[in-house]
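Heads up: the sequence lines are chains E and H, in that order. Position 162 (the first sequence) corresponds to 162 in our numbering; numbering is contiguous. Position 10 (the second sequence) corresponds to 10 in our numbering; numbering is contiguous.
Mixed in with the good hints there might be a few duds.
What the hints assert, rightly or not - Here are the simulated DMTMM-like pairs of lysine to aspartate or glutamate, each with C-alpha atoms no more than 20 Å apart in a straight line: (1) Lys283(E) - Glu224(E); (2) Lys111(H) - Glu224(E); (3) Lys111(H) - Glu226(E).
Hints are computed from structural coordinates only; laboratory data are not their basis.
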Amino acid sequence: MDIFNGLLLGLSTATTLSNFAYCFVGVLLGTAVGVLPGLGPIATISMLLPFTFGLPVDTALIMLAGIFYGSQYGGSTTAILMNLPGEASSVVTTLDGHEMAKQGKAGRALAAAAIGSFFAGTVGTLFIVISAPLLASLALTFGPAEYFSLIVLGLITSMVLASGSLLTAFGMALFGVILGLIGTDVNSGAARYTFGTPYLLDGLDFVIVATGIFGLGDVLANLENEHKRIASVTHVTSLFPTREDWRRMSMPILRGTGIGVLLGVLPGAGVLLASFSAYALEKKISHRPEEFGRGAIEGVAAPEAANNAAAQTCFIPMLTLGLPGTATMALMIGALVVQGVQPGPDILSQQPALFWGLVVSMWFGNLMLLFLNLPLVGLWAKLISVPYHFLFPTICVFIAIGVYSINNSVFDVYMMALFGVLGYFFKKTGAEPAPLILAMILGPMAEEYLRRALLISHGDASVFFTSPVSLGTLTVAALLLLSIVSPRFRKVREEGLQEAD
Amino acid sequence: MKLSQDVLLGLFFSVIGAVSAWIAWSYPFGTSSRMGPGYFPIIVSSLLLFTGLLVLLRARLAGSQPIPTIRWRPLVLVPVAILIFGLTMENLGLPLAVLLLVILSAAASVKFRLDWKAFVGSLVFAGLCSVIFVELLGLPIPIIGNWLQGLGF
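This is chain E alone, in the form it adopts within the complex (with noise of 0.2 Å):
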């Protein structure tokens, strides 16, 4: 199926009445669950995935990626409104985005950060209508040898790129393999690490993990400085980008628009890494640097593009490769596999309503949150006003029962409230999650193109370096390693990190 073909299938899938419906609902919820202060898009996406269920499958899935991209939105509105990013990748938004907000410029700021992401949305999905197809039929010719160090370089890059240091980063990795490891083997149908209970035969569900460690033990690390969690939230006025916003905002928007296309399509990185490197373009090649950080639009813009386009152009690796990049979209392999749906180059040949549906929904879900989203500010920011008390009680419901209806088990439930606990231990240790939720959904695909491959070559390991593609990606993923020991870069990991705390 040529592009053109798959572009009418795909608008005449999103079109219909009720796959329209839905992902306005998704990109509502996501918007307005989004903007609750210290709720990121994981613990967002967990917390609605029950009202994706019963939905056929293109339906659900086009819902949760309005929810999806609406949470990412929404956090944003919040790092401006209220100093308060949800999630790592909008720290840099509040930069200047909080600036301009405290020098009564809010709406501008918003309105900045509504226009670049729905530029870069609309330029991140072209990019995956050209390039999804390209690195479908590319993954076709994939053996498990490339698989196995495409997942190698995933699970490096997000090593390299998680705060704290990387031996740290590297046990939190190989804890997710292991917990991702539990269930019965598809190989030899041994039960791994069950303990016994039928409960665990079936796998630790992923969704219940990442709830547990980013929806719960927020929640319990937020309870811990409630009285610091004075919500102050600035007034929005004129909305309207004056003429010399314009002219300042148009450059970086492109340069972050693209920095975020190609950057949300390494695997591991995503999109923190987008806006980080946009920011610093932008503040670097600045003619007035200084400004940056007392409210430059320029640094609300381009991190901002950089952001939509990377939460775009991310889903290309998860829908073609079957490899989520970021924590976010193995969160999204998790919930398609709940409804029954493997992601792989497969998918575009054999599902084509539901990838090119879901392609053409995205488009519409950026253009529905350009015209919802800037209207109806002053309902976020009185959303964003409800205090913590009445909030996260709440939160606690949403998240046990969204687990709860996974399998409907009430045995999840339990083990969503230790994972809390523990996503609390490893906040006070210092220790970032991401790796660990990256690594269980990779770990076990790991294992088994580990497997393949080493059959197939019988048992030689150099079969990971006779591949061209293979080789190119474990060199990438050494020099990585190797950057991270260099002086210089650490310094740089250190400061773009030390941001993101």
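Use these hints to put chain H onto chain E, whose structure you have.
Chain H alone, transformed into the frame defined by chain E:
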């Protein structure tokens, strides 16, 4: 050795690594060309054990951040509230379980006080949840649980 961040984390990694390596020892290891179910877990858990020991060593040599003070009240109360929710949702039914979870977890906040307004609010929220999740989304959770049905409700 004082309980710093790295000491706790190193202990955690080492214990998990050691235990999972010990468990994986009983799975057939296989060979490189025919990996058994134990092959990958043993490699990964030994690496984890090794990483844990390195983190401990780092704590010893370089020192590490102390653990920030812990507020025990939310840490105990909120997970317990969720456990009770799990225990009661099928036995008391969703509305009552939600009510319990809301009130118990809210008690973890420093601003918690149970007046009639908060109580009515929780009641309304519990009712809303039941309508949304059971009636609209069709989750198989009873509105009136086993225990209450036994009492003749």
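Practice task
Could you work out which earlier hints the structure fails to respect and list their numbers in ascending sequence?
Solution key: 1
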